[in-house]
Amino acid sequence: MDEAAPSGPDPVHDYFLAQTRRHFFSTTSMGLGLAALSSLVPERRPAAAAEEEIARIASHFAPKAKRAIYLFMAGAPCQMDLFDYKPGMDKYFDQDLPESIRNGQRLTTMTSGQSRFPIAPSKFSFSQHGRNGAWISELLPYHARMVDDIAILRGLHTEAINHDPAITYICTGSQLPGRASLGSWLSYGLGALNSNLPSFVVMTPKWTGRKTAQALYNRLWGSGFLPSRHQGVSLRSSGDPVLFLSNPDGVNAQRRRMMLDHLSRMNQETLQRFGDPETQSRIDQYEMAFRMQSSVPDLTDISREPAHVLDMYGPEATTPGTFAASCLLARRMVERDVRFVQIFHRGWDQHGNIAGDLPNQAHDVDQPSWALIQDLKQRGLLDDTLVIWGGEFGRTIYCQGSLTRENYGRDHHPRCFSIWMAGGGIKPGIIHGATDEFSYNVTEDPVHIHELNATILHCLGIDHRRLSYKFQGLDVRLTGVEEVNPVHQILV
Amino acid sequence: MFTPLRSGTFMVLPALCFVAMAVTATGRASEGDSLQPIDFATEIRPILSDNCFACHGPDSSKRKAGLRMDERDSALARNEKSGVSAIVPGDTVQSELIVRITTTDSDDLMPPPESGKSLTKEQVALLTRWVEQGAQWDQHWSFKPITRPALPQTVEGDPDGTAANPIDLFVSRKLQTHGSSLNPSPRADRHDLMRRLTFDLTGLPPTLEEVEAFLSDNSPGAYEKVVDRLLRSEHYGEHMARFWLDAVRYGDTHGLHLDNYREIWPYRDWVIDAFNQNLPYDGFITSQLAGDLLPQPTTGQLVATGFNRCHVTTAEGGSIEEEVHVRNVVERVVATGTVFMGLTMDCTRCHDHKFDPLTMEDFYSMFAYFNNIDGNPMDGNIKDHKPVISVPTDYQQSRLSSLDQAIAAAESRLAEPWDRIDGLQTVWENSWKNDDNRLLLSEWYHLGPFADSRENQVRQKHGPEGGSTIDLTASWELEEGRSASWKSRPEWTDGEVHNGLPGDMASNFLYRMITVSNPSSPMPVSLGSDDGVKVYLNGEMILSRDVSRGAAAGQENIELPLKDGVNHLLIKIMNFGGDSGFYFSTAASTQVIPVEIQQLLAVGAGSRSGPDIKTVRDFYRSRIGTDPELVSLRTKLGELREERENVRRSVPTTLVWKERVEPRPAYILRRGEYDQKGREVGRRTPAALPPMKEDFPNDRLGFAMWLTMDEHPLTARVAVNRIWQQFFGTGIVKTSEDFGSQGEPPSHPDLLDWLAADFRDSGWDVKHLVKMIVMSGTYCQSSRVLPRHRQVDPGNRLLARGPRYRLDAEMLRDQALALSGLLVPTVGGPPVKPPQPDGLWFAVGYSGSNTVRFVADKEPGKTHRRSLYTFHKRTSPPPQMSTFDGPSREACVMRRERTNTPMQALLLMNDQQYVETAAGLARLALSGNRGSGESPARWMFRRCFLRDPSAAEMEILLSAYHSQLADFQSDIPAARQLVSVGIFAEADDGPDSPFHSAVLPELAAWTMVANLILNSDEILSKN
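Which chain is which? The protein sequence lines are S and F, in order.
Take 0 as the starting number for the first sequence in numbering that gives the first Met the number 0 and just add one per residue.
Take 0 as the starting number for the second sequence in numbering that gives the first Met the number 0 and just add one per residue.
Some hints here could point you the wrong way.
Straight-line alpha carbon distances no greater than 30 Å define the calculated DSBU-like cross-link-like pairs of lysine-lysine that follow [stated by the list, open to error]: (1) Lys353/F with Lys382/F; (2) Lys460/F with Lys353/F; (3) Lys116/F with Lys205/S; (4) Lys562/F with Lys205/S; (5) Lys353/F with Lys385/F; (6) Lys562/F with Lys692/F.
Non-contacting residues of chain F with respect to chain S, defined by C-beta distances greater than 10 Å in every case (computed) [as the list claims (entries may be wrong)]: (7) Trp243; (8) Ala483; (9) Gly637; (10) Leu785; (11) Arg803; (12) Asn849; (13) Pro972.
Rather than coming from a laboratory, the hints here were simulated on the basis of the structure.
Even for Gly, the Cβ is constructed at its ideal location relative to N, Cα and C.
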């Protein structure tokens, strides 16, 4: 397929890219050693510089997935309005949640002051789909069509009850800032597959539900204590897609290449003078920067995507900065072997006005998520690409604010929420876990967020217990200190 | 029972411990040597802390089997149920600890397998030998009193002990005894040293002249002379302040929700000044924690209390005041713990500390010192969130008082009896009353701002829009609990542009009444607006314009179809960003007479009361009278008032602390939640630390005195470690933010204690400490990395070589500005906005925020200032800072990461300002400034690298130049584009200029060479 074979839009740049490689041959012959040698390897092989890294990168066991895409629903989607069908709730309308269900659980300060906890049944209708007969909300008609492709997990749970700690927890394994994010662990543990693009890319598309959405924080894709080259790189939808990517006016690729050739020689002199490995690393970073100057524009240029593909992602696929456009770019990235792509879609914090905001949110993501799975499948990429969809916690069955049959709000709920996974290593067409009739407590197959992360690492060939980093005297793991296991029931 | 041992143990241990520590500092050459005494503080306690304290530690609620492994008494006590003791000193068989860590029975094994913890073989061996040796106990190292260790007497390679600097004695001893075969490196090349020193003391590179003067000074005191000169530089304070601002999380916005502008930069300037004046560190602490409680505090001491106002704040709708209050106080307690004591106080907010001897009661007792501010916890989204003070400069102060005098004089002249003018007033009053066709305009009334998007401002109705009448007493609810109501604005005279309507993306309303009798024709009006405008007359819209522009006369010329009697004119000024204003004039010459004056005029002079007589007279004299003397006086008064207003407006305010009269009670908050009040607690310092002296006041002032009393074990250690870190890149305690059990023990414990004792005993003299560090041989070593360095000590913790690492974000940018000659080195003042890529603020900002849109400053006096002054929006920090590990300033950061990424390469190569500095450097190289006739390449190299280039380096630069030149010669437009960057876009390069168009390719080629130099590793690093 044409669009699968990356070719730069700027032939001059391509020409000089080729020169870069020659340049490396020449410096290597002058005795640069292994560090530079590793930059010689063709694309789609690890380009990591240091020897110990190459050793570490060996997977613990044969991976099912080589890359992953995480569709992160920031703010926490209402599980009982989307995936966790609770028909029995109708008869409880406006009745208080039984104390036996809440069981003394702490509540956020947004509803802890409420005198009542009246139940708000979902106003949306559900129907059964797929071979397993999964119940899917009317808000997700495209999801309904791909039930056989995905595994739905209804038993996720966490401890945090507010966004900042909760989203930091699921993304970095700790509620407190300072730890490495999932993507940076993957980059650290597995290395890069493509030496022209970052191994971890983040997008933060627009949303149409709740206007004042929770903020995002750089730490969600930060590298924490890991070397910062493992941190996620933001791909922007306006201006330079990556900050400061473009050369200044008057400097074309050829002039930049000439400057870099001489810069590299100058830095060789410095390397001789001080012997500091950081100098070699700086040389590598400048070459990576140059490669990104052609590989990023090539990545974001969707002009050669065929109409039937664009149609699949829906009308917003060609509008930069939408979730649909981000999904399309995610596919283009995994096609180029970017290791991990994370899309943070905001606006899911439905404390009120579910009738107005939730359909908009669901509409933003429904068709593009489906299209992404279909697109990957059609290209044979789904087999070795893991896709995860979900937020940081769930929402309460009881209402926050005023309750009517037609409109209501829901507070944060850590004890259960629903996500789905698909692709490399995941059994398609299954439902895992169940909750009580109030969608309040997990009754079957609970999955802690640490177990979710352990499962993600497992699919990528990593034993989560063995992926650790010494930090402040501790061997820190993404999955925390307690013993957890991957969810083997959902693995192929 | 072993309890009687306790007191004796504590008395004996400090001496024992020193021996042990000294040995530890020597490293452990032969790990298996069972005679080697084991150091509890650095070898055993970390193991116990990491593996045992979670269940057998300070946290009483989580404690299992009643056993504490953080206290000797408990560990040695016999368990009543089992009859065994965790530790029996000298007896590993009877010690349950050893039994349980060596058992193969997984039910008994400690730590339990399900904890995920396990001990290594080495750790088990270490614990066993420790018990064998008698299980010597000790406090956590950082809680022990600071005693000044004896200096090591001799040093290898310096048998006579002539290496006078104590730092070198400690560092050499550690190197000698470490057994790593590393030796100190030779002294660095003098130009490298000069650059390292100048950067470390001022954050700026030295000039070539300074380096050459140093190189040619062969006197023994040459280096020290330079140190002393740099310590006197005002840039020293800027550089030292920069690290402090990370620690206290200084920012120019509130940090949460709207993230609006906050004015607190005078605090930043106070910090700079404090370092420059070498304010002793105890005074530095006291002013910041309690300047307001000092007797007759100076303005500076009040400004310093901004320390406790630097935390993020909110005014988010729906926030609960009490909750925000608690969050603010928690911020202060945690910051005070981290910044001054290296304690992770935050852990004790919800439970007793798991690793350190800190309790929840300690936390909330400290809370009680910081909960008594006289102000609303919610910031109101305003820049001057109370309590604040005005901080006029000396000039502003004296100008204000002379203006006050001049205004008072003019006002009294205007109010004096003045018969001639009174006669003219009577004539005017009579003519006004007898005019049947008079057109009466009321003064303007103003309402707003109504913040909204451009689209909504144009499409939707706000405030009074759509009504047929105007109610001047009505008010409107705005967001964030604010409201808007009509305000009379008599100073808005017609025929002038009035800028300064409030709000950024917001609409404002103007209203006035126009009274006419039987108008014969519509009234022509000239209007101007910034930006869009809608005009309603008597409820009918007669104009709507959606444009972006600045206000000026005649932008809209319309006719008002007035009806007989009172007409209502309502104007909506819609602003789409930046300033907002309007212009209004009528073609007819009319007098604007406020409604209440009209009523008084109608009454007639004879029947007015005394105050009314004065009202009408004041009005006549200040608005109407045309007598030349009166007009001149009036004009002068107007000018004086305007100037006073301008001066007042320019006087900065700053957030400070002011104590409430009635202390607020403090409670233990269960789970740290604001509404879960437990027992009330009073003010008390943490119990595990030495108590406050009896005669100290039990308030913030006493707290500050407690922090800085000689017995305090943490304050001096934390301070010297942080300053050490500024020079070596890593602290003696690597975890400079955590001196607790989970922090890393010091690499050179005796050196740390010596420096801390010396710092304290010197009277907390910061410059003394800094000078001792930079005068040390350790600091002056070459930073060349040899293969054995890389193998044995890649992180340079043994200090066998000098520091070498990438410069911090601010130093990188400041260096580029300095080398290009563009740096504006002014010290202090309001934050500035150098350019950044579009859209960064907008991507995260709320539409109603006054920092939602970034507008770069234009004047070089602002854009080319040191990076310390760059406006710091906390939800979107400047990328020039964050790309190079500059923190977001949302939380205290005691040390930055130091990374090396392609994003950094892209920024340094392509950011407009870095390209501008390259162009500036190239211009300097080509202009007459360089004198001496040396080639531009050589001149540029020497200016930046501060040394002579090697032949190879010259060849690289010339080759770079020639290849670029050839390319630009065939593409003159590209050359022009490149060199016209930033301020050079408007450079006036006529035929006489050295940069006339014929040299464009040369200039562009040199610009690329300069870009190369400014991206080279040696320039980006401290060498």
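Taking the minimum C-beta separation from asparagine 849/F to chain S, is that value above 10 Å? 17 Å, holds
Taking C-beta pairs only, is tryptophan 243/F more than 10 Å away from all of chain S? 21 Å, holds
Would you mind confirming whether the straight-line C-alpha gap from lysine 353/F to lysine 382/F stays at or under 30 Å? Given that 30 Å is the threshold and the Cα spacing comes to 40 Å, the pair is violated.
Quickly compare the C-alpha distance for lysine 353/F and lysine 385/F to 30 Å and report which way the hint goes. Roughly 37 Å separates the two Cα atoms, so the pair is violated.
So is leucine 785/F really clear of chain S, every C-beta pair being over 10 Å apart? Not fine: 6 Å to the nearest Cβ puts leucine 785/F too close to chain S.
Can you confirm whether the C-alpha distance between lysine 116/F and lysine 205/S stays at or below 30 Å? Judged against 30 Å, a Cα distance of about 43 Å means the pair is violated.
Far enough from chain S: is every CB of that chain over 10 Å from the CB of alanine 483/F? With a cut-off of 10 Å, alanine 483/F remains clear of chain S, as the shortest Cβ separation is near 21 Å.
Holds or violated: lysine 562/F and lysine 205/S, Cα atoms, limit 30 Å. 51 Å, violated
May I ask you to check that glycine 637/F keeps its beta-carbon over 10 Å from the closest beta-carbon of chain S? 45 Å, holds
Given hint lysine 692/F paired with lysine 562/F - CA-CA distance at most 30 Å: Given pair lysine 562/F, lysine 692/F is violated - Cα atoms ~81 Å apart, limit 30 Å.
Evaluate the condition: distance from the CB of arginine 803/F to the nearest CB of chain S exceeds 10 Å. 6 Å, violated
Cβ separation check - proline 972/F to all of chain S, threshold 10 Å: At about 8 Å from chain S, proline 972/F fails to clear the 10 Å cut-off, so the statement is violated.
Checked against the numbered hints listed earlier, the structure breaks hints 1, 2, 3, 4, 5, 6, 10, 11 and 13; every other hint is satisfied.
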